[in-house]
Amino acid sequence: MRSVEDLIELHRAWWKLENERPMLNITYRENFPWMWLQSDHMLGMELILKDGSLAKDGPLTPDMLSPEKIHPTPFTHGDLFLPVMPFGKIPWLEAICGVTPQVSVKGNSIWGGFGEGIWPEGWWERDIEVKINKDWLNLLVETTKYCVEKFSDNFTIAQTSIMRGPVDIMGALVGDKNVIISMYRHPEETVRLLDKLADVCIMVMKAQNNVIPSFRGGHVNCWGIWAPGTVTRNQEDGAAYLSPAFYKKFLQPVDRKIAQAFDYMAIHFHAAHYVHGDAVTDIKELGALQYSLEPPPYGPTLKEWMPILKRLIRKKPLILQAHYLTREQINTLLKELPPQGLCLETYVQEAGESHYVYRE
Amino acid sequence: MERVVRKMADEEILKKLTDAMASIDYDGTLKACREAMSKGIPPAKVVGALSEGMQIIGDKFETKEYFLSELIMAGEIMKEAQETLKPHFKAGQIKVPGKVVMGTVEGDLHDIGKNIVVSLLSSAGYEVTDLGVNVPAQKFVEAVRKVKPDILGMSALLRATVPEMGNVIDGLKKAGLRQKVKIIVGGLPLNAEYAKKLGADYYAEDAWKGVELIRKVVEKS
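Residue numbers (our numbering), protein chains in the order written: chain C, 1 to 360; chain P, 1 to 221.
One or more of the hints may lead you astray.
[Claimed, not checked] DSS-like, lysine-lysine: derived pairs with alpha carbons at most 30 Å apart:
#, chain 1, residue 1, chain 2, residue 2
1, C, Lys249, P, Lys31
2, P, Lys60, C, Lys310
3, P, Lys174, P, Lys99
4, P, Lys148, C, Lys248
5, P, Lys31, C, Lys106
6, P, Lys148, C, Lys106
7, P, Lys220, P, Lys60
8, C, Lys248, P, Lys79
9, P, Lys180, C, Lys106
10, C, Lys106, P, Lys209
11, P, Lys220, C, Lys248
12, C, Lys106, P, Lys173
13, C, Lys310, P, Lys64
14, P, Lys31, C, Lys248
15, P, Lys60, C, Lys249
16, C, Lys249, P, Lys209
17, P, Lys60, C, Lys303
18, C, Lys106, P, Lys146
[Claimed, not checked] Incomplete in silico selection of chain P near chain C, CB under 8 Å:
#, residue
19, Tyr26
20, Leu30
21, Val47
22, Phe67
23, Ser69
24, Glu70
25, Ile72
26, Glu106
27, Asp108
28, Asn134
29, Ala160
30, Thr161
31, Asp201
32, Glu205
For the record, the hints were derived by calculation from the structure and aren't laboratory data. In this text, a Cβ means the ideal position worked out from N, Cα and C, and glycines have one as well.
Okay, chain C solo, but in the shape it has when bound (with noise of 0.2 Å):
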């Protein structure tokens, strides 16, 4: 249980890359789920003392604690907050934009559509307009409020944890295979329509901020980590197809612009987007980058990924979360990245499941 004064000064000293140690929440589940320890072991047991540091092995007297250190506060996991959201699953942003939802029990997904879109072909051609189903914006919002209401004394609250961006919304609407050749063959109409779903995510997420009250003067995304204003988390999944160039031409100018719409956007990307790290990072208003380091054949390996991260970590703040690392591959992280900036979310499984680690 650390206080959140020290998470909050941890988490604003992040923002601006000057953080003394790495934000860490891993979860060490070898023998899961009997033994569920945090990363805190690395400092000390989550369990702040009345001096102000981690209670270590050893004997725990009265005297050691102090009311004010262990009074409950908002659930924290790891370094970060444990932040209460509208079900993550649903593909709200496809769903606001009209485009039907599709439950898959075998895929154990909703799906924002079939791949094949919901606009006719020749999209370009005609003057169609982004329709927003209001039940589904109304249901998201609805849904946030109630968090607050019921959540926000023991959990922070945060906005829907899946938010699709511009390219992915266009891929729901014209079909993922026609969002590229109307790069290729209809550039213009891409970046307007690129440029008008940018505006309708924008919407959203401020719909959603504006019922979620401020905590401790900031707010918390849905990673669970605090910022001195707005936040918002922004993806773009449809990009792990496009070359670097493609990324710039069409996507960095619509996440820019959603950037700027918020104090602290944070933008999700796959281990397949590893070639756009450079691109996003250019972005001045950026926030953080997140990388979700699926293992080969997803992205890089491990050792590929070193000079990538070297290098972003020193314009941005990292967020890499990977299911699953070992001990090894965490200390080689925690050992080549600095501390500043980096903020790791992983799960150690030593035994099993191997073809989920990552191969040197």
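Following the hints, complete the assembly by docking chain P onto the known chain C.
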């Protein structure tokens, strides 16, 4: 002398075609195709020049100079180029190298890789039956029974849906069709070992390798 000059001019057009294709130039490729036709260059030679361009694209994809976006657009250009060439082929000149059934397994809707393979094979003259996404095992079995393909290709991106490939293969075994078709699986959660465990014949690491592999397997059979 006139023949030599003409040959040189033809080669220049074909080179232009290869270069336009290799640089993913939609308008340039189709313009060069039409020019070649108007000059009476045999369609087979035009297809050869396009294929050369495709090979350059494949090589650039392998070296990460090109990305999926380039492969997708290349497939589209090839499709359009084939449409331009079709009327110039005489009856019997168009050979179908093989028949392929493709689909993304049930529970998965990721189809970019599958679509690239479908598009590139179709433009190379293969008869491709694309079953689409979220395809139940029984639909694969029925398609194999009906189409009698040389190859069945299955794709998945989600780890959770990969076991579906095994269900399809079991379905084919039960229907007595397994030995009648070669099975190629592809998708990021897979590897050669996993593909073997599922009972597939081959594993394709990416869309481009999938196309190359299908070509080789069909040629061999």
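Cross-check of the supplied hints:
1. Lys249(C) x Lys31(P): With a Cα-Cα distance of about 26 Å, the restraint between Lys249(C) and Lys31(P) holds, given a limit of 30 Å.
2. Lys60(P) x Lys310(C): Since the Cα atoms of Lys60(P) and Lys310(C) sit roughly 27 Å apart, the hinted pair holds (cutoff 30 Å).
3. Lys174(P) x Lys99(P): Cα-Cα ~22 Å, so holds.
4. Lys148(P) x Lys248(C): Violated: Lys148(P) and Lys248(C) sit about 45 Å apart, past 30 Å.
5. Lys31(P) x Lys106(C): 46 Å, violated
6. Lys148(P) x Lys106(C): Distance of about 28 Å is within 30 Å: holds.
7. Lys220(P) x Lys60(P): 26 Å, holds
8. Lys248(C) x Lys79(P): At roughly 28 Å apart (the allowed maximum being 30 Å), Lys79(P) and Lys248(C) satisfy the hint.
9. Lys180(P) x Lys106(C): With a Cα-Cα distance of about 28 Å, the restraint between Lys180(P) and Lys106(C) holds, given a limit of 30 Å.
10. Lys106(C) x Lys209(P): 28 Å, holds
11. Lys220(P) x Lys248(C): 43 Å, violated
12. Lys106(C) x Lys173(P): It holds: about 22 Å lies between the C-alpha atoms, which stays within 30 Å.
13. Lys310(C) x Lys64(P): With a Cα-Cα distance of about 21 Å, the restraint between Lys310(C) and Lys64(P) holds, given a limit of 30 Å.
14. Lys31(P) x Lys248(C): 29 Å, holds
15. Lys60(P) x Lys249(C): Judged against 30 Å, a Cα distance of about 21 Å means the pair holds.
16. Lys249(C) x Lys209(P): Roughly 28 Å separates the two Cα atoms, so the pair holds.
17. Lys60(P) x Lys303(C): 23 Å, holds
18. Lys106(C) x Lys146(P): This hinted pair holds, its Cα atoms lying about 26 Å apart.
19. Tyr26: 6 Å, holds
20. Leu30: Hint on Leu30(P): violated, closest Cβ of chain C at ~12 Å, above 8 Å.
21. Val47: 22 Å, violated
22. Phe67: 4 Å, holds
23. Ser69: Ser69(P) check passes; min Cβ-Cβ to chain C is 5 Å, inside 8 Å.
24. Glu70: Holds, because the Cβ-Cβ distance from Glu70(P) to chain C comes to roughly 7 Å (cut-off 8 Å).
25. Ile72: 4 Å, holds
26. Glu106: 5 Å, holds
27. Asp108: 6 Å, holds
28. Asn134: OK, holds: Asn134(P) within 8 Å of chain C, min 7 Å.
29. Ala160: 5 Å, holds
30. Thr161: 6 Å, holds
31. Asp201: 20 Å, violated
32. Glu205: 7 Å, holds
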